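K.L.:
So the sequences go chain by chain: A and B. So in this note's numbering the end of the first sequence lands on 244, straight run, no missing numbers. So in this note's numbering the end of the second sequence lands on 208, straight run, no missing numbers.
Derived from the structure by calculation, the hints contain no laboratory data. Quantities reported herein were computed from a predicted structural model and do not represent experimental measurements. Possibly wrong hints are sitting among the right ones.
Calculated lysine-lysine pairs in the DSS-like style (CA-CA distance at most 27 Å, straight line) [said to hold, decoys possible]:
(1) B:K40 - B:K30
(2) A:K222 - A:K2
(3) A:K22 - B:K104
(4) B:K106 - A:K22
Far from chain B, by Cβ distances over 12 Å, these chain A residues were calculated [said to hold, decoys possible]:
(5) I48
(6) W99
(7) K152
(8) E166
(9) S170
(10) R196
(11) N199
(12) E234
Not everything, but these chain B residues come out facing chain A in the computed CB check (under 8 Å) [claimed, not checked]:
(13) Q89
(14) R90
(15) A108
(16) H110
Cβ atoms here follow ideal geometry from the backbone N, Cα and C, with glycine treated the same way.
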Amino acid sequence: MKSTKIYDNGHQWFMFGRDPEKPESIIDTNQYMIVTDERALLMDPGGIEVFAPMLGAILHHANVEHITDLFASHQDPDIISSLGLWDQALPHAKLHAPWIWESFLRHFGMENIQYVGIPDEGSEINLGTVNLKFIPAHYLHASGNYHVYDPKARILMSGDVGAALESDQSPIFVDDFEEHIPKMKMFHQRWMPSNRAKNDWIKRVRELEIDYLAPQHGRIFKGENVTKFLDWFEALEVGTAIAS
Amino acid sequence: MSTDSKLKESRFVALASIAAELHSVMAVAKGVSLAAKNAKYISAQAGENALGFQPITDFIDEISQQAITGVNSINEAALKLSKIAVYEQRSCNAYQRFNLVYTKHKNANHIKSLSDTMIRVEDKMETTSKKYKHRLNELVELLESMDECMRSAQSIASVSRIVTSSSNEYQAKLEIVANSLDEAAKFIKEKVSGSYHHLNHIKAYSNG
Ligand SMILES: [Fe+2]
Ligand SMILES: [Fe+2]
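The following block holds chain B by itself, in its conformation from the complex (with noise of 0.2 Å):
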């Protein structure tokens, strides 16, 4: 267990930077949902005129939703993370005094009754340590889903321009849904990309 106190102090900015990170996350994702709902609704509209165009805004749609759960997932976990983390170091700074007690009272009469004191919260630390580094995977594992779903949007992005080449009255307006979607998953790309490095401050805690 690392005993360094900037790192750990630098674990909650850390995920308290993912949160924020992926906050405004939330709004673009939400804006291409409009977006691809307004698309579908024209596409209805229009009928057999709009062949094609529909299953691609109808994915568009759905891939912003994933988005929004995802954004959620990844706050709740951070959250979760974060206060397991102020539960560990509650443990180990009465941890780094007890011991201290016990280097420098070693001739104390009753100094060997801390003892059990110390084995106790040293489980206790072993318990959420391990509870830690499982949430941690979880985080990291919501992480990369998001990656992964944003470089499906792209594919769907660029499949959409495709076929408005074919498609001619609804063209301009599915070229919008597709810039929007391929800006918004630019940019939801970056926030992840930035909450990996806050990430590595947080390993680099868990692995000391």
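For reference, chain A alone in the conformation it holds in the complex (with noise of 0.2 Å):
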């Protein structure tokens, strides 16, 4: 699993992904890590594949006891299948994730880990140095779905939102948006059910300052890239399995 310090000013953000050791017929994944003095928070933090390649990647740069939080944007297998070996490894720690899919979360078994349903218009979290949004990202694609936006960084973890279907050997940033186009295309069109929620979603996310937009698939979105995929994903029609 390779780790990539993405942001570092106070405190810290972690992509780990494009993990060589994973099973070819498993989606690759990125899941994200906020680390601040006291506390690290762990963003969709995968499945039960990617668990032990995780905790190692993790280890490199903070102690089990650190992580005192996690996050899932929805309830997805490849977000958040890993809970029931978290709930053994951070028996004290919290799970922020959409208050709806609390009761279908524990059955990947929860016993120790503590539920923080998030309520529909979004919360926030404190980790000490920095404040953390959860925005709401309902129907992109899961009925109850958060994106993380962390103000000082200028970074926003979108989900599945900005993701790519593409070869886990590829960079960690979009350099061509041309290029790149057609490996999020069918996944934004086939995923996302909503044209009115992608809208609703896109209005509030250009009102945020944003330098990169980090999906769970794929590359990272920097600079004016982040602008050319919001007008590109505005532009797009989605929920594409019903005809029209």
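Assembly of the complex is requested from the two constituent chains, each provided in isolation within its own frame, with the hints serving as guidance.
P.N.:
Below you can see the structure in the form of structure tokens.
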């Protein structure tokens, strides 16, 4: 599992992914971690298959007990099916996740970790030196769905929004936006169900100051590619499994 | 602790199979109980003509009741054991992954922080394993007493055949009940021995 430090100024952001030992049949995922002096938040920690490589990669940057909080943008297996294992590793941690998924997520096995349901309108979390926002992204693609915004680092962890299906050896950042489009088009058209939800999200996100838009699959959008992505996504018709 | 996942998998299947084996016992035991109740009713009506007949039908009824209760307890014990096994497997699963991380990332800056977690999970595994063994013994005892119960059912069936030779009017009726008890006991014993067979898989795991 490769780890990349994407921000380091008072607190750090790490991106984990591109695991060369990952079974080929499972989708490549990006996991993220924010580390402050006292605490660490693990975002979309991933599936059972990536648990060991993830824990191994984390231990290069933080102690086990430093991880006090987990976040799951939604309930998908590639996001959080490792929950039962984290439950054994971090019995005192809190899981921040959509309130509507609590009784579903508990099926992954959760006896120790405390579930903190994020309300529909979103919420905040303070990690000591940094205040993060859980921004609603409902129906993008799950019916209860959030992204994490760090106003200080100007990073938006955007879950499946901005995801691309491509080789797990691909670079961390999008370099040529036009070239990147074919890798994300089908994903967004098929996995995102609602144009209304999409446009509402774009309107709210345009008001944020974003340097990095960091999705759970594929590459991170940096600088002007963030705006290019929002423009492209706005023009895109989604929910295409149903003929209009 | 064995790490053979195939063996663990068979442990869950084995426990479910015990419950399944004994599921069919329930219907049979209920059938015997009904036959015994029927016979009791007839013997009550027959009064003095059916002396010697009544205690036997009472006993048959009691034995079939014991079988019903026994099956319920065995099912309950197998389910509890299965739940503990799942719990144990989950800790074991996590532990194996921690171990993998520990050996693979020896040089990671914070690898030492994993030791406490591993010790904690190890302790938990030990406690669960003790609980598991205790429950397993309980299940063995329940199966043994079921076997015992069926052995006495078979003796009662033979005794009732001797009694029937001296009572003529109710001979046919008691013979039917005795036969059905004998058949049922044979059937249940077979199922119990099938359960023992499954139990051997489970024991192989806990001794491993
Ligand atoms: Fe998803
Ligand atoms: Fe995903």
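K.L.:
Each of the hints needs a verdict: does it hold here or not?
P.N.:
Results of checking the hints against the structure:
1. B:K40 - B:K30: 15 Å, holds
2. A:K222 - A:K2: 19 Å, holds
3. A:K22 - B:K104: Measuring from Cα to Cα gives roughly 15 Å; hence the hint holds.
4. B:K106 - A:K22: 20 Å, holds
5. I48: 9 Å, violated
6. W99: Holds, since 25 Å exceeds 12 Å.
7. K152: About 24 Å separates A:K152 from the closest Cβ of chain B, which puts it past 12 Å; holds.
8. E166: A:E166 is indeed farther than 12 Å from all Cβ atoms of chain B, at 27 Å.
9. S170: 24 Å, holds
10. R196: Holds: least Cβ distance 41 Å, greater than 12 Å.
11. N199: 42 Å, holds
12. E234: Given a closest Cβ separation of 42 Å, the condition holds.
13. Q89: 11 Å, violated
14. R90: Holds, about 6 Å.
15. A108: Since the shortest Cβ distance to chain A is 4 Å, the answer is holds.
16. H110: 5 Å, holds
Hint compliance for this structure: hints 5 and 13 are not met, and every other hint is.
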